[in-house]
Amino acid sequence: KNQVEQSPQSLIILEGKNCTLQCNYTVSPFSNLRWYKQDTGRGPVSLTIMTFSENTKSNGRYTATLDADTKQSSLHITASQLSDSASYICVVSAPGANNLFFGTGTRLTVIP
Amino acid sequence: EPEVTQTPSHQVTQMGQEVILRCVPISNHLYFYWYRQILGQKVEFLVSFYNNEISEKSEIFDDQFSVERPDGSNFTLKIRSTKLEDSAMYFCASSEQGEDTGELFFGEGSRLTVL
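Line by line, the protein sequences give chains G and P.
Okay, so the first sequence: first residue is 1 according to the numbering used here, each after it adds one.
Okay, so the second sequence: first residue is 1001 according to the numbering used here, each after it adds one.
Don't take every hint at face value.
[Unchecked claim] Here are a few chain G residues that sit away from chain P, every Cβ distance over 10 angstroms (derived from the structure):
1) 7
2) 14
3) 15
4) 18
5) 19
6) 20
7) 26
8) 46
9) 53
10) 62
11) 63
12) 65
13) 69
14) 71
15) 83
16) 86
[Claimed, not checked] When the alpha-carbon atoms are kept at most 20 angstroms apart in a straight line, the in silico EDC-like pairs for lysine to aspartate or glutamate are as follows:
17) 1(G) to 1044(P)
18) 57(G) to 1103(P)
19) 1078(P) to 1018(P)
Since the hints were made in silico from the structure, they are not lab data.
Note that the Cβ used here is the ideal one computed from N, Cα and C, for glycine as well.
Model the full assembly from the supplied sequences, consistent with the hints where possible.
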């Protein structure tokens, strides 16, 4: 069964600290893996999208890694800011239509 | 920067009433989608639309739901007779390429509350 599991479910960190969010998936075949940031009550916004051949991708203070062999991805946030408080959703795509599999997200809270 | 816009941002309706949610996708995009997110749960796919017809739909998208692209810019989701369990955030999205390879751009969402 195609599934995307994220951990932790929620995380609280101090402003300025780094953190790493995890995503494990069982989706096969695999097309790409995406990380989205979703502020409360808003639409998801794309952070990174990685294909099979990419094992790391950065977008500012966000760095995503992908290990397609172990079917794991992580999102590392450096020097967190209050505005990083949001849900971070891992989405794995398989080839074809209607083949996006969403994780339940990690709720990150950055406190001063 | 181009964006997907949705209206209304919040709609409250009585059970059994019809609701139409509206979306203006990014102008050069060819693929359009509706997703929903029940409070505290994951985003769920409803329907995809390409070349003026539905390309895929999920089990959630039953006969009570319909989509339309009435003109060159709007993309609407209609719920014919709302149920309590239709209360959710509804997101429209669009992409240049199909969702498996193309980047999805989501709107800000329409929150539907069914009483």
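Now the hints, each set against the structure:
The beta carbon of residue 7(G) sits about 14 angstroms from the closest Cβ of chain P, which is more than 10 angstroms, so the claim that it is off the interface holds. With a cut of 10 angstroms on Cβ distances, residue 14(G) stays outside the contact zone with chain P, its closest approach being about 25 angstroms. With a minimum CB-CB distance of about 26 angstroms to chain P, residue 15(G) clears the 10 angstroms threshold, and the non-interface call stands. For residue 18(G), the non-interface assignment is confirmed: its Cβ lies about 26 angstroms from the closest Cβ of chain P, beyond the 10 angstroms cut-off.
Interface exclusion of residue 19(G) from chain P stands, the closest Cβ pair being 21 angstroms apart, more than 10 angstroms. The claim that residue 20(G) lies off the interface holds: its Cβ sits roughly 21 angstroms from the closest Cβ of chain P, which is beyond the 10 angstroms cut-off. The Cβ of residue 26(G) sits about 15 angstroms from the closest Cβ of chain P, beyond the 10 angstroms cut-off, so the non-interface label holds. Non-interface call for residue 46(G) relative to chain P: violated, since the shortest CB-CB distance, roughly 6 angstroms, does not exceed 10 angstroms.
Remark: the non-interface label on residue 53(G) is consistent with the geometry, its nearest Cβ contact in chain P lying 14 angstroms away (cut-off 10 angstroms). Interface exclusion of residue 62(G) from chain P stands, the closest Cβ pair being 15 angstroms apart, more than 10 angstroms. Listed as a non-interface residue, residue 63(G) keeps its Cβ farther than 10 angstroms from every Cβ of chain P; the least gap is roughly 18 angstroms. The beta carbon of residue 65(G) sits about 19 angstroms from the closest Cβ of chain P, which is more than 10 angstroms, so the claim that it is off the interface holds.
Look at residue 69(G): its CB is around 21 angstroms from the nearest CB on chain P, clear of 10 angstroms, so calling it non-interface holds up. Separation of residue 71(G) from chain P is adequate, the least Cβ-Cβ distance of about 17 angstroms exceeding the 10 angstroms criterion. Once the 10 angstroms rule is applied to beta carbons, residue 83(G) is consistent with being away from chain P; the minimum gap is 17 angstroms. Once the 10 angstroms rule is applied to beta carbons, residue 86(G) is consistent with being away from chain P; the minimum gap is 13 angstroms.
Using a Cα cut-off of 20 angstroms, the hinted pair residue 1(G) and residue 1044(P) holds, with the two alpha carbons roughly 16 angstroms apart. Simply put, residue 57(G) and residue 1103(P) have alpha-carbon atoms about 15 angstroms apart, close enough for the 20 angstroms limit, and the pair holds. Using a Cα cut-off of 20 angstroms, the hinted pair residue 1078(P) and residue 1018(P) holds, with the two alpha carbons roughly 7 angstroms apart.
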